[in-house]
Amino acid sequence: MSDAIVPYSPRGRARAIKGFLGQFLSYGGAQVGLVCLVFFLVVAAMPNILVGPLQTAINATGEFLEPPSSQHLLGTDEVGRDVLNLVVHGARISLTIALLATVISLVIGTTVGMTAGYFGGPVDVWLMRLTDFFFVVPSFVLALVITPVVLEVIGRGRDILGFRPSLFVIIVVIGLTSWAFVGRIVRSQTLSLKERTFIDRARVAGSSNLSIMVRHLLPNLVPQIAANGALVVTGAIYVETSLSFLGLGDPLQPSWGTLLSLAQRAGAASAGAWWYLGAPGLCVLTVSLSFVLIGNALEDTFDPRRRVIP
Amino acid sequence: MPDNADILRLESLQVHFPIQGGMLDRVLGRPVRAVRAVDGIDLNVGRGEIVALVGESGSGKTTLGRVITKLAQPTGGRMLFEGRDMTSVQGSSALRPYRHRVQMIFQDAYQALNPRHTVFDIVAEPLRSLRLVENGTQLAERVSEALASAGLNPPGDFFSRFPHELSGGQRQRVVIAGALAVRPELIVADEPVSMLDVSIRAQILQVLVDLRDKHHMALLFITHDLPLAWLIADRIAVLYLGKLVEIGTADEITFNPRHPYTVALRNATPQIGGNAGRAESPALQGEVPSAARVPKGCRFHPRCPLAFDHCREEEPPPIEVGPQHLSACWLANDGRSRSS
Numbered sequence: 001m002s003d004a005i006v007p008y009s010p011r012g013r014a015r016a017i018k019g020f021l022g023q024f025l026s027y028g029g030a031q032v033g034l035v036c037l038v039f040f041l042v043v044a045a046m047p048n049i050l051v052g053p054l055q056t057a058i059n060a061t062g063e064f065l066e067p068p069s070s071q072h073l074l075g076t077d078e079v080g081r082d083v084l085n086l087v088v089h090g091a092r093i094s095l096t097i098a099l100l101a102t103v104i105s106l107v108i109g110t111t112v113g114m115t116a117g118y119f120g121g122p123v124d125v126w127l128m129r130l131t132d133f134f135f136v137v138p139s140f141v142l143a144l145v146i147t148p149v150v151l152e153v154i155g156r157g158r159d160i161l162g163f164r165p166s167l168f169v170i171i172v173v174i175g176l177t178s179w180a181f182v183g184r185i186v187r188s189q190t191l192s193l194k195e196r197t198f199i200d201r202a203r204v205a206g207s208s209n210l211s212i213m214v215r216h217l218l219p220n221l222v223p224q225i226a227a228n229g230a231l232v233v234t235g236a237i238y239v240e241t242s243l244s245f246l247g248l249g250d251p252l253q254p255s256w257g258t259l260l261s262l263a264q265r266a267g268a269a270s271a272g273a274w275w276y277l278g279a280p281g282l283c284v285l286t287v288s289l290s291f292v293l294i295g296n297a298l299e300d301t302f303d304p305r306r307r308v309i310p
Numbered sequence: 001m002p003d004n005a006d007i008l009r010l011e012s013l014q015v016h017f018p019i020q021g022g023m024l025d026r027v028l029g030r031p032v033r034a035v036r037a038v039d040g041i042d043l044n045v046g047r048g049e050i051v052a053l054v055g056e057s058g059s060g061k062t063t064l065g066r067v068i069t070k071l072a073q074p075t076g077g078r079m080l081f082e083g084r085d086m087t088s089v090q091g092s093s094a095l096r097p098y099r100h101r102v103q104m105i106f107q108d109a110y111q112a113l114n115p116r117h118t119v120f121d122i123v124a125e126p127l128r129s130l131r132l133v134e135n136g137t138q139l140a141e142r143v144s145e146a147l148a149s150a151g152l153n154p155p156g157d158f159f160s161r162f163p164h165e166l167s168g169g170q171r172q173r174v175v176i177a178g179a180l181a182v183r184p185e186l187i188v189a190d191e192p193v194s195m196l197d198v199s200i201r202a203q204i205l206q207v208l209v210d211l212r213d214k215h216h217m218a219l220l221f222i223t224h225d226l227p228l229a230w231l232i233a234d235r236i237a238v239l240y241l242g243k244l245v246e247i248g249t250a251d252e253i254t255f256n257p258r259h260p261y262t263v264a265l266r267n268a269t270p271q272i273g274g275n276a277g278r279a280e281s282p283a284l285q286g287e288v289p290s291a292a293r294v295p296k297g298c299r300f301h302p303r304c305p306l307a308f309d310h311c312r313e314e315e316p317p318p319i320e321v322g323p324q325h326l327s328a329c330w331l332a333n334d335g336r337s338r339s340s
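Read top to bottom, the protein sequences are chains A and B. Just so it is clear: in the first sequence, position 46 is 46 by the UniProt record's numbering, and no numbers are missing. Just so it is clear: in the second sequence, position 42 is 42 by the UniProt record's numbering, and no numbers are missing.
Treat the hints with care, since some could be wrong.
Unchecked claim - Label pairs and their calculated CB-CB ranges:
#1 Phe135/A with Glu313/B: 53 to 61 Å
#2 Trp126/A with Gly91/B: 21 to 29 Å
#3 Val27/B with Leu21/A: 55 to 63 Å
#4 Leu210/A with Pro18/B: 24 to 32 Å
#5 Val27/B with Thr111/A: 36 to 44 Å
I should point out that these hints are in silico values taken from the structure, not numbers from a laboratory. Cβ atoms here follow ideal geometry from the backbone N, Cα and C, with glycine treated the same way.
The following block holds chain A by itself, in its conformation from the complex (with noise of 0.2 Å):
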């Protein structure tokens, strides 16, 4: 602890960032899942270019429920549509709407939380109880109850930005019944935060409460956050392609939950029909897979005792 010189750093957020990936980077975990998620984002991306255009009933390719063959990688459904070519697009559905319900999940999680824990008292007592009911309610019940509910006044009529209304309302449900243990983690987190000696300072510098929230609390928050958003994203697919299972997915727009319900209803797993069955569940076992070990290894990184977070 004495004044010796250290060395001069031109750009220490950057070198920040650069010691956070290179140890971030170290887990084998977080290798496995980066390669598996970087490779579905492509996938997801561009199905168009990788598999053509989404085949549906009228431009099916091949035979019904054909194996696996060179013409068709992963083999046909019950309507000869090329498997390969519905589980690329699914990606894009499946991916889509879990990492949207998840950021509401965190927009909507990190604003209670915060507000909770840093100003305490009676504020704190109402929201935590909201956060309590959210928390209680099973997320896919509740969403399994609002899902019908939202696409009768709505209708399933005209598209948003490409995606069709149903998809949009599941992308909502799952963000608003989602984000209760991340409100609980932000708060608890903010509450050990906000007793810090730096959010004195921060007062007697004269910042208001939004800013210190903003400036001090929620970059401090980052490292919960983001490990636990990726475990959001896990339960968001999951919720997901259970209500898409259940037939509250978009028929015209599949994810990967649609086709597992499309070849249930075709009897694929009494057929042997292994690949319609396999490919998407193997995806999404992958996809949740990835996330989870990417989360895992983003809180391992973020420990508190190494300080190199960005």
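Put chain B on the given structure of chain A with help from the hints.
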């Protein structure tokens, strides 16, 4: 150096923290007890004056510092800054003019700096939130100036560093620079050097003294270390269990203490060469009582070697024992100095 006009005046300032009673207490209707952290303090700080607040841990010195910097709200008494009553002013926008004039230096520089902010952002924060600069160039100038006054040279080298890249002394200098940036008139320094190596202490103290000499800044220096207080301060106020027991010029308090607590504090100070020649005054016995159970009468009597019956019954008022020298002890004017 100090002017006659006081910059800060505390009038019987009080901070009581109520103790949440149990269910049984409420059913039985027991009165709500309180931790009397600060229990009626009168103190004034002149322009450009350095006043040291000395006391053991638990004496309420940190709470007093937090009240003056408006981090805690007093429960009684008044606080006047440049004649204006600041006691009940609250809210970040209402306090802006006050924050501009009163800043704080924190004890633990490791904790007082946000690990996610660069040195530039840390020092610039008060300038930005108090809206003291108009543009980026001006901001950079003020930040450089503050870092340079705090002894970080050349300032530009530190702009993009993070707190974890700095040494302990450098961090404390950044904390000081953050307080200086707004050019305040009063700085409350809460044990600014207690976490630092002895070799760094002198340099940091020199920075603080220079500030007073160059910018005529008043300083309220909170410490538990009497020799340190004597070194830096014009006047010393000794705090015991939320109350001032003695106040006077630094030399008077150090060499002519009239309160047995001050004497005990002085004798408790280790010195190179041992405590030879001080044997006649016994070391302080026991610990500071809980501020939730302040003793009746003089609050120092359970530990006082000179206590007699009257001390257990009635609390002594501050008695003038010399010019600018007050001591709250029944024996303060006992004719002889207790310094021997």
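query = Is 55 to 63 Å right for how far apart the beta carbons of Val27/B and Leu21/A are?
reply = Given range 55 to 63 Å: holds, Cβ gap about 60 Å.
message = Between the beta carbons of Trp126/A and Gly91/B, is the distance compatible with 21 to 29 Å?
response = Holds, since Trp126/A and Gly91/B (Cβ atoms, about 22 Å apart) stay within the stated range.
ask   = Do the Cβ positions of Phe135/A and Glu313/B conform to the proposed distance bound of 53 to 61 Å?
value = 58 Å, holds
message = Verify the CB-CB distance for Leu210/A and Pro18/B against the hinted window 24 to 32 Å.
response = Holds: the Cβ-Cβ distance is about 29 Å, inside 24 to 32 Å.
ask   = CB of Val27/B to CB of Thr111/A, is that within 36 to 44 Å?
value = 40 Å, holds
In terms of the numbered hints stated before, the structure departs from none.
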